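Undergrad: Fit chain H to the supplied structure of chain V, relying on the hints for placement.
So the sequence lines, in the order shown, correspond to chains V and H. Heads up: the first sequence begins at 135 in my numbering, then just goes up one per residue. Heads up: the second sequence begins at 1295 in my numbering, then just goes up one per residue.
No lab work stands behind these hints: they were computed from the structure. It is possible that part of the hints are untrue.
Residues from chain V that keep clear of chain H, each with C-beta distances beyond 10 Å, as calculated [what the hints assert, rightly or not]: (1) Arg-164; (2) Gly-251; (3) Arg-252; (4) Tyr-268; (5) Gln-277; (6) Ala-309; (7) Thr-319; (8) Ile-355; (9) Pro-368.
Partial selection, computed: residues in chain H whose CB lies under 8 Å from chain V [said to hold, decoys possible]: (10) Gln-1469; (11) Leu-1470; (12) Gln-1472; (13) Leu-1473; (14) Ala-1474; (15) Val-1476.
Remember, it's a predicted structure, so these values are computed and weren't measured experimentally. Ideal Cβ placement from N, Cα and C applies to all residues, glycine included.
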Amino acid sequence: MNTRPVLEATNLRVAYGGNIALDVPRIAVRERELVGVVGANGAGKSTLVNGLLGWSRGSPKVSGKVMLDGKDMSRLPPHERVKAGLLLIPEGKLVFTQMSVEENLAASVNAPHDGQGRRHYSIDDVYTLFPRLYERRHHLGSQLSGGERQMLGIARALRLGPRALLLDEPSIGLAPRLVSTVLETVRSLVDSGLTVLLVEQNVRAAIEVVDRLVLLERGRIIAEGPASEMRDDPRIAEAYLGAHVA
Amino acid sequence: MNFTQQLVNGIVLGHAYALIAIGWTVLLGVARLVNFGHGQMYMLGAFVTWYGVSRLGLPYFVAIPVAMLVGVAVGYVMQRVMLQLTLKQDLVSIMIVTLGFGYVLHGAAALFFGSTGQILETPFSTKDIYWGDLWFTYQDIAIVIVAILFFAVLKYVIDRTRIGRLARMVAEDPQLAQLAGVNVRRVYLGVFAFEGAAVALAAALVAPRTPILTSMGFDEVIITFVVVVLGGIGSVTGSYVAGLALGLFTAFFGAFVSPAYATAAAFAVLIAVLVVRPGGLAVSPGGR
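Excised from the complex, chain V in its bound form (with noise of 0.2 Å):
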């Protein structure tokens, strides 16, 4: 595994009003990466992966560095962070719900093709990935499932030829049996080439597919390790995954 980060932030601090709600030193997912962000309601999950966008549905003040492959997003508006292949699937509405999965795929702009590392999935590409889609690619968006939202949002991110992926809370609203193949396939993007960071509240979920893991608490990153080691940490077996430590 490469050991440069693809995506660094640093000092990054996010305030609505007079309230910071997210203040983290450091931050990074290095190449093909697979990075879980994991915490309780309002630790600041969501609105870590949206500062490093610089994207919002309200109107915080972000402040701090983030690199993309050592260039500097931080004055960039979030479209011009998207075409430099920096992309986020947010929580919640994911599609065009007005659009037909067809239109939703083909609607993305065209992103320059000369970054490094960045891979332009075609359309045949992601109806591979996701065959479900295929089927439905008539349909309007506001017809789909969650899962099929989902499918479609992680999509459309990767026809914009993504170098690194912001993923908020993928599982929301899932059955069980969705949460896993979401999961998976985003490993496995991962496998393939891509670099993600991944924001989810389903812990147990989240660390069988995640090479770390970061856990923040009041918009603060309070530990952070391997996978491996952060099943043993007691603030996430205790709290995240029902396990006693003594």
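TA: Okay, now just chain H, sitting in the frame of chain V:
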């Protein structure tokens, strides 16, 4: 009263209404914005065309694109000034700012063009066609043909092209569109520029039917508002149908009852339609 003549009048008037309203339809459908300076932009389009033809001696077909370019510039400047309000979707401030722009345009036009009424004569407006008892002009035919072509092309662009898809993405969810790499600010600027061009084209075609004054514009805003709301906010097809329906209604009501109450009656119909169908005649968002 000649029924067929009123039918012809209604069809021409309806296409004129639809043409005047199309820019605002797209503006409302894509950017969820209103522009109460729309009527003054129509007035400006009419006067720029008139100035080009009458004062500069430009051919009518050259004066039209000149008026459209001026419309693009006005729309662009207007949106550039209001960009932050647009991104915040601050509708109350936008209403006031566009209303203010309308008054500025009115004052500037009066200063430049004078307050005297003018007649915009075109190669089509002076050529009458008599067909049995029916009377219309080549200008009327031009209005109908251009309106149909414009709507057909616009519908195709919005439904079938990449630009149309980008506009629909922004219409549905501007924040999500950013995540697909769409420059939302540029789309908003483009939509306003389109509105400026579209209303100038409408003015260049429709204004020769009546004397033009720099004080005009209010009626056009009202008619546009009725067409846009009746058609279903943001619906291109709905606007065409609503414009045509309103034109026919106005022509027949004016002929059989009284032209003086046609606008009041149109609003009564609008209220009735909105009570039955709150989304208007068509409800598909995003300019479809």
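Undergrad: Give a verdict on every hint.
TA: Against the structure, the hints come out as follows:
1. Arg-164: Answer for Arg-164(V): holds, closest chain H Cβ roughly 24 Å.
2. Gly-251: Holds, because the least Cβ-Cβ distance between Gly-251(V) and chain H comes to about 18 Å, which exceeds 10 Å.
3. Arg-252: 13 Å, holds
4. Tyr-268: 20 Å, holds
5. Gln-277: 15 Å, holds
6. Ala-309: 24 Å, holds
7. Thr-319: Thr-319(V) clear of chain H: closest Cβ-Cβ about 19 Å, beyond 10 Å.
8. Ile-355: Check passes; 25 Å lies beyond 10 Å.
9. Pro-368: Non-interface label on Pro-368(V) holds, nearest chain H Cβ at 37 Å vs cutoff 10 Å.
10. Gln-1469: 5 Å, holds
11. Leu-1470: Nearest chain V Cβ about 6 Å off; hint holds.
12. Gln-1472: 5 Å, holds
13. Leu-1473: Constraint on Leu-1473(H) satisfied, holds at 6 Å.
14. Ala-1474: 5 Å, holds
15. Val-1476: 6 Å, holds
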